[in-house]
Amino acid sequence: MPTLIRREGAGCAWADDTFVTLEDEAPDPGGDVIVTLSRFLAEGEALAARPAGRLGVRLEPEDEVEALEGRLAPVVLVALSFPKFRDGRPFTAARLLRTRLGFQGEIRAVGDVLRDQAGFMVRCGFDAFVPSDGSGPEAWALAAARHRHVYQRAADGRAPAFLERQGG
Amino acid sequence: MYRYDAVDRAVLADRTAEFRDQVERRLSGELTEDQFKPLRLMNGLYLQLHAYMLRVAVPYGSLNPVQMRALADIARRFDRGYGHFTTRTNIQFNWVRLADAPDILDALAAVDLHAIQTSGNCIRNVTADPYAGAAADELEDPRVWCEAIRQWSSLHPEFSFLPRKFKIAVTASPHDRTAAKVHDIGLLLRRGRDGETGFEVIVGGGMGRTPHVGPTIKAYLPSDRLFSYLEAILRVYNRHGRRDNIYKARIKILVSALGAEAFAREVEAEWERIGTDGDLPRAEVDRIRSAFTTPDLGGAPSSGDFEARRAAEPAFARFVRNNLKAHLRPGYGIVDISLKGIGETPGDISADQMEVVADLAERFGQGDIRATHEQNLVLPHVRLEHVHEVWKGLAAVGLATPNINLISDIIACPGLDYCALANARAICVAQDIARRFEAPDRAEAIGELKIKISGCINACGHHHVGHIGILGVDKKGEEFYQLTLGGSGAEDAAVGKMLGPALPIDRVTDAVEAIVEAYLRERTGGERFLDTLRRTGDAPFREAVYADAH
Amino acid sequence: MKALTANRLSDGEVVFWKDGAWVERLAEAGLFDEDGPAASAEAAARGQPTLVIDPYLIDLVDSSGFWAPVSYRERIRALGPTNHELHGKQAEGGGAVEALRQAHGAARSSGRVNLIRRK
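Protein chains in written order, with numbering that gives the first Met the number 0: chain D, 0 to 167; chain U, 0 to 549; chain E, 0 to 118.
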């Protein structure tokens, strides 16, 4: 039973999750792995040189996203953790990953992840979600497309109202 | 008034539909209360003691007559025929059913009103000088910036789950009527040397458990860089504000922990990285400015029989002395409408009264109504020749109480009569004090005296900045009240100092009277209460209140 | 003596537990003079999240022959706001309402304090 939802075009769909999340001391099973930021910083070169399998990094809200600056080349996925859905720090992390660090891989929301945050998440640059509320891709697609207009620039390239109004 | 366009209306329609869906999911059990609570709060819906309460945003305190009538209609259909204006210039309905909330939001959206971000850990309703666009001492109408901030902050994708709530006030007058220095951000409009406008930026003021008068972190921010700078402040706060302790989560705690200078440096560094990409194009600011209706203040109208009536009718003269303020155009005045009738609930207004205010605004006030953070209303543009008729219209429904800035013009939060967070009642304390000082000659002889009452330490009643502040506490299951003196929410902002041990409810009004009598004994010349207190210190007042306890 | 109270989900109305259902008047509430049954009623109420929010036990004292909450907060919940005597449950008047108005216990309800602690 899949638990991962990916954004596909304007919609959302279930996706197979090939990634295994590794704790700091756990042995590398090979294949696609997600490591903590501290492990990534400590073993970055070795991880980048793994013969097979892709690399993801998981950031907790208190981790500074700038720690990844200049080191994102081997990384295909950044998982941003929501210990509580009320913790708003991952929104900033995602936005900076996209707009400041130029990250083009997957940004995945993990932890206490609710469909009612879908619109905000997509706007900040998240494109994959592991919901904790049992919601499916239809609900995420609906929530993400709920608002026809937005007032702010963010990380999703949508034209904010002030540009729409100028015909831009 | 800012006129909504199709985009603004679509945003409200989509938000209302979203909330209707969330309410349905809660009623069906799909959402738990823990999940639903932050969602309903982000739309201003609280569960209070007796019912749900819906807090409707009145952006920068500005309403038109159509909106006011819609509020009256909602009060009748969904509440018990009244509403309550708050210190954030919002209006609350106290008896709302959860299932009705989406219909109320539809009714609001039909007149371009909403409840977006009137609660929750997000950017709350931005407040402005209630005399904006009318005040004689104003540099420029701050509401243009307020509306731009309203739009920028609405459903902000990055800043909707902040460590704690976030409040912004904007004023453009040297006389601060917004309490800007006790806001998370206070923006004071300034004229630069180049003749352009900008803002003095104050960050980290606040009330609650740890009151702070906010420091200035930027003396002059060019106005076209406002939004990148706001983004920088909010980002530093969102990343570094404390989330481990709800009582230490406001930005004031971060600013005071880092120190204002270090905080300012962090903001400047972030601001530099954002660059002008974070700014609102000048064309959009101009569009917003042009979307405001401009009052027709043409010519210098005759003041009619204003002076004659003022001379002939003492009651009218009293109203003029206390409730009429200087307008930037000769021949006009700003009319303050007191929602502090003696013995009434501060900030409450009935549906009938709302409709009378709407009618008067339409006939004599250019269709412009404002709410103040002191829980009163304002008709900002009234020709002097019409003031008498406005006064009569207000008096007919009990809205002509001539007590603006006087001792009975008391701020009080809903307190324990309604609020689930309160420790003690506030309304009955305000009513009792107002009745004690009912005699208008005596109130005028006392002069400017601001009493502010909160029913708990969250300080919604702004007690920290009351000239006399009153804080309700629960002492072993009984209502007690702590008095503070010397607070001010104006340009000379200050946090009041505690006078002594808390008093039981039946001693509060006596204590206030003792303080007033001490002031009248001590004052010299034209001193206001606050002037005398600052000169003498609080010793005479403490003696007056606690003497018999020695 | 104790009663079990909550706010109804659909409209926020203050309600009291009575034999597995909810009533609006304190005078009709089920009473508990032993901790065991009170705790099991509270647990059962917690299992009704689509009916009520935050059920908790309140302490009662005798007032003119009626049971009244010992905490003034709970008396206001059982009556309505003191600034509008015709709003809320107090509007219907009568002996039970008058007894609540005259009650003057002074203590917090431990049930609510525990509820806040749990959060």
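Just so you know, the hints here were simulated from the structure itself, not pulled from any lab data.
Just so you know, not all the hints are guaranteed correct.
Some chain E residues near chain U, calculated using beta-carbon distances under 7 Å [said to hold, decoys possible]: (1) Arg7; (2) Ser9; (3) Ala42; (4) Gly46; (5) Thr49; (6) Leu50; (7) Pro80; (8) Thr81; (9) Asn82; (10) His86; (11) Gly87; (12) Arg111.
Virtual Cβ for every residue (Gly too), placed ideally from N, Cα, C.
Quick check on the hint: E/Leu50 CB to chain U CB, less than 7 Å? Because about 10 Å separates E/Leu50 from the closest Cβ in chain U, which is outside the 7 Å limit, the hint is violated.
Regarding the hint that E/Asn82 lies at the interface with chain U, is the smallest CB-CB distance below 7 Å? Holds: closest Cβ of chain U sits about 5 Å from E/Asn82, inside 7 Å.
When the nearest CB of chain U is found for E/Gly87, is that gap smaller than 7 Å? Holds. Min distance 5 Å.
Is the interface hint for E/Arg7 satisfied, with its Cβ closer than 7 Å to some Cβ of chain U? violated (9 Å)
Holds or violated: the hint that E/Ala42 contacts chain U, with Cβ atoms closer than 7 Å. For E/Ala42, the interface hint is violated, since the closest Cβ of chain U sits about 17 Å away, which is over 7 Å.
Would the hint on E/Thr81 stand, with a C-beta cut-off of 7 Å toward chain U? holds (5 Å)
Is the interface hint for E/Gly46 satisfied, with its Cβ closer than 7 Å to some Cβ of chain U? violated (12 Å)
Using the nearest Cβ pair, does E/His86 come within less than 7 Å of chain U? holds (6 Å)
For the restraint on E/Pro80, tell me whether the closest CB of chain U is nearer than 7 Å. holds (4 Å)
Under the criterion of a CB-CB separation shorter than 7 Å, is E/Arg111 in contact with chain U as hinted? Violated, about 10 Å.
Would the hint on E/Ser9 be counted as holding, given a Cβ-Cβ threshold of 7 Å to chain U? holds (6 Å)
Restraint outcome when E/Thr49 is required to lie within 7 Å of chain U by C-beta distance: holds (4 Å)
Hint compliance for this structure: hints 1, 3, 4, 6, 12 are broken, all remaining hints hold.
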